[in-house]
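S.K.: What follows is each chain in one-letter form.
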Amino acid sequence: MARPSPARAASALALAAGLLAVPAPEEARAQDRGVSYTFYGTPGLLEMPTATSADEGEIAGTVSFFGGQLRNSFTAQVTPRFSGTFRYSRIDDYESEGEAFYDRSFDLRFRFNDEGRYVPAFAVGLQDFLGTGIYSGEYVVATKTIGDAFRVTGGLGWGRFGTYGGFTNPLGLLDDRFETRPDTFEEGVDTGGEVGAEAFFRGDAALFGGVEYAPNERFILKAEYSSDDAYDELDGEPLFERASPLNFGVAWRPFPGVQLTGAYLYGTQLAFGATITVNANQRPFGAGLDAPPQPVAVRAAGVAAARSWEGAASSEPALAASLQAALRTEGVDLRGLEVTDTTARVRYANTRFRAEAQALGRVARILTQELPPSVETITLEPVQAGIPLSAVTLARSDLEALENEVGGAAAILDRAGFDDAGPAAGLVPVASVQDRFTWGLRPYFGLSLFEAGERFRLSFGAELSAAYRIRPDLVLSGSLRQALLSSEGDDDEDVEPIGGVPVVRRNSGLYGDDGYPVIDDLTLAHYGRPGRNLYSRVTVGLLEYQYGGVSAELLWKPVESRLGLGLEINHVRQRDYDQLFGFRDYEVTTGHASAYLDLGNGFHTQLDVGRYLAGDYGATFTLDREFENGWRVGGYFSLTDIPFEDYGEGSFDKGVRLTIPTDFILGRPTRRENSLSLASLNRDGGARLEVDGRLYETVRDGHLADLEDSWGRFWR
Amino acid sequence: MGAVLAMRDAWMGAALLALAGCGAGDGARSGQERALGIAGQVQGLFRGVGSGDGVGLPRAVPGGFSPEAVAAEPDAYRVVQVNALGLVEVGRVIQENGDEVTLALQSGPTAAFDGGVLVATRGFGDDLLTLDSAGVREAIAAGGGAFTRRMETLDAQDQVVTSAFACTVAPAGEEAVNLGVREARLRRFDENCRGEALIFDNIYWLDGGGAIVASRQFVSPSVAYLRSNRL
Chain V
1 MARPSPARAA
11 SALALAAGLL
21 AVPAPEEARA
31 QDRGVSYTFY
41 GTPGLLEMPT
51 ATSADEGEIA
61 GTVSFFGGQL
71 RNSFTAQVTP
81 RFSGTFRYSR
91 IDDYESEGEA
101 FYDRSFDLRF
111 RFNDEGRYVP
121 AFAVGLQDFL
131 GTGIYSGEYV
141 VATKTIGDAF
151 RVTGGLGWGR
161 FGTYGGFTNP
171 LGLLDDRFET
181 RPDTFEEGVD
191 TGGEVGAEAF
201 FRGDAALFGG
211 VEYAPNERFI
221 LKAEYSSDDA
231 YDELDGEPLF
241 ERASPLNFGV
251 AWRPFPGVQL
261 TGAYLYGTQL
271 AFGATITVNA
281 NQRPFGAGLD
291 APPQPVAVRA
301 AGVAAARSWE
311 GAASSEPALA
321 ASLQAALRTE
331 GVDLRGLEVT
341 DTTARVRYAN
351 TRFRAEAQAL
361 GRVARILTQE
371 LPPSVETITL
381 EPVQAGIPLS
391 AVTLARSDLE
401 ALENEVGGAA
411 AILDRAGFDD
421 AGPAAGLVPV
431 ASVQDRFTWG
441 LRPYFGLSLF
451 EAGERFRLSF
461 GAELSAAYRI
471 RPDLVLSGSL
481 RQALLSSEGD
491 DDEDVEPIGG
501 VPVVRRNSGL
511 YGDDGYPVID
521 DLTLAHYGRP
531 GRNLYSRVTV
541 GLLEYQYGGV
551 SAELLWKPVE
561 SRLGLGLEIN
571 HVRQRDYDQL
581 FGFRDYEVTT
591 GHASAYLDLG
601 NGFHTQLDVG
611 RYLAGDYGAT
621 FTLDREFENG
631 WRVGGYFSLT
641 DIPFEDYGEG
651 SFDKGVRLTI
661 PTDFILGRPT
671 RRENSLSLAS
681 LNRDGGARLE
691 VDGRLYETVR
701 DGHLADLEDS
711 WGRFWR
Chain A
1 MGAVLAMRDA
11 WMGAALLALA
21 GCGAGDGARS
31 GQERALGIAG
41 QVQGLFRGVG
51 SGDGVGLPRA
61 VPGGFSPEAV
71 AAEPDAYRVV
81 QVNALGLVEV
91 GRVIQENGDE
101 VTLALQSGPT
111 AAFDGGVLVA
121 TRGFGDDLLT
131 LDSAGVREAI
141 AAGGGAFTRR
151 METLDAQDQV
161 VTSAFACTVA
171 PAGEEAVNLG
181 VREARLRRFD
191 ENCRGEALIF
201 DNIYWLDGGG
211 AIVASRQFVS
221 PSVAYLRSNR
231 L
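Residue numbers (my numbering), protein chains in the order written: chain V, 1 to 716; chain A, 1 to 231.
Worth flagging that the hints you see were computed from the coordinates, not collected in a lab. Each hint can be trusted.
If you only want the chain V side, here are some residues facing chain A, beta carbon under 7 angstroms, derived:
1. 287
2. 406
3. 628
4. 712
C-beta atoms are modelled at their ideal positions from N, C-alpha and C, and glycine is treated no differently.
Pulled out of the complex, with its shape left as it was, chain V reads as follows (with noise of 0.2 angstroms):
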């Protein structure tokens, strides 16, 4: 579905060139425009927020200090409306002189409606709605843009934001039960992480607001009436003198991407705070500096009636070498091939492009230069990990005539089949020319929040890995790594076992400890294709960094259906602290049933049952926002059977998850991804097993809905 982009001003490159820019009427939204981000990370004032939201798609990353309060935020702008943030908060000398006090904590915005001319943009919030509680509020807020640089904000808020002037809440007009707001968290007796749902909107409310003044595209002044004044200390004592309610401060943009503010709060503090965004529809390098594809080849009109193909059976392996050695210039590796004289079938293996249609596109053009002229229709079965994962057929003519034309990858897909790939019955196979070892080292760092006992741990080091392929679909893999820097553990001794749960992951800090060399996995991988839409996979040994065994998995995913099932089993022993081939005594299997449902619009989920390791049973909920050019940000949660009190801090397991896809930084075509994934908490209960290569994620790259969602790029 084609999505209009945004003019860009023009470059002076272009204007240099003759080019002129005439601005479209009203094509930014006023509140689009010089959108900043307060020391919470959320888009707004300084402390207080607005109804603003980002670009779509924009992940911020904040850094911010005052008052003894250092928080690192992540907001990500998951649709034009809707934005979530993630953060983690250090406070000084908050339970005692000396001691910090961490804290994580969700919020939630959303944006009812675009301003207009005269209508101001209302949104609504939640301010750290899911944890410990210190920042809870919520708030209603509008705001209006004035002309071109002022920006008007006021709002309503309640719980911290209800804390300086506030009255009674109006909402006790609808109910008494509003006027009083409970405690949702009692230091020492919960366990922090509940929704804590009923102090919504309740208990005092004060009026906040601020305005905003962009001097220019760089700078913005603002200025805001703080409602908040609950930067207190566990016992009530505040950590810093408020002497005013009234803040200031300046956002810096040095170039896009970049903030930097600068704050004097309360008439005593001055606060810094860093932004740096990110955004999944701001790709660096456009389309990519990908190598030009080969021209579509149209065959001349007489000889494309020809019926039959002479010397069919001779030339099939001079037709399967040229053919080979043409798609190696595109990265992709051909695995076997089935040619009659109106029909070709080609099994391939794409390593270079992300994305399977520019793949299919690819090597639909290198078959209109390479096949004989009588070949009309052609059959493209994408492999990935050894198995063929769809096929999709294609004409000849198709391919000649939309190779230029406007519209063409919308036709060619509307004229193309798809269904599950072929036998292998009849294709003759064509050696790989992969190379069956393979070796890297390279770099890791590795970052561990929250861990119990500590609140962070570093580590850099060095990790070389290597990987032999016996076939294509039976991989001998292991990595191996040494830490070079790592910062100071806690201590070495085992960790007990809370209510008698199994310690499963909260021990986890003691693997790799000893300054050794250590094995991170060593496996090998099996994939299989039990039958028609059916995919298996099974891989023994030390199958991640503190487990090893068995795990198997069946997958039923029909090419065109948005709709996947699952199921996985595994049997594992929890590995030695040394990481090398030794096992403790704790032994375990588990087990989920699967389904994966694509739900259109960029939204994926995911819902998992079964049982976890430390033997509680219970399920796991999913849900991704996914781009097309790759990008994916997404949350999820875990409830078992482990009662509350039983888990430590955090009542039930929940994370949020970034996936960018490598080709958006460099710019070049490549199948890789950056990963970065915060679990909230270290705990027994919920955790499944790590194991690399799982089936969904392999197959789906080849199926209707991904191959649609990036289909622009068939032609490219």
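Place chain A on chain V using the hints.
M.R.: Quick look at chain A alone, frame taken from chain V:
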């Protein structure tokens, strides 16, 4: 052997901001998530050292770009100039499907022309995906006219975006044009196109037979104009 490293909390914040880590293995995709709570493995863009997977091969353009090759087959070459990118070089025709000609530039990108009208480029990054050339060609053949031009590009989400431009073509007399190896007296046509956010001007020089011998045509905002001419 691990050294003790005292880290400030601010580094943790900076690490959170850093684009994160990498999967393992060449050509394999793996997002590793650790239940440990490890935030990520910031390998960043460090590719380290290692073997490749051995599949890729460079592609050679048949014929090459040596002066001898150009002299031997002048019809198969064009002179190409892209001022915005500082390119002045020779392009070789690698595919001819009737009127549709695909040119491979010496530095890598390709450009496709339909009857002399640029219809696609690849390899510039900000490429012209494709364009509808019928309107331009008809207007030139008729000696002038107005029509709508449709151009396709890819947006940041790999979606095809079609832009429409209101264009007019008008004759602009005759002039002597330097084609590199010779000078020729050619008829000039100017095309002016206006769209929602862009305005550009293309120029075509035609020979006596009505074929476009030289041109300056718009590609995209960052590539701007591509000039090409026959030898």
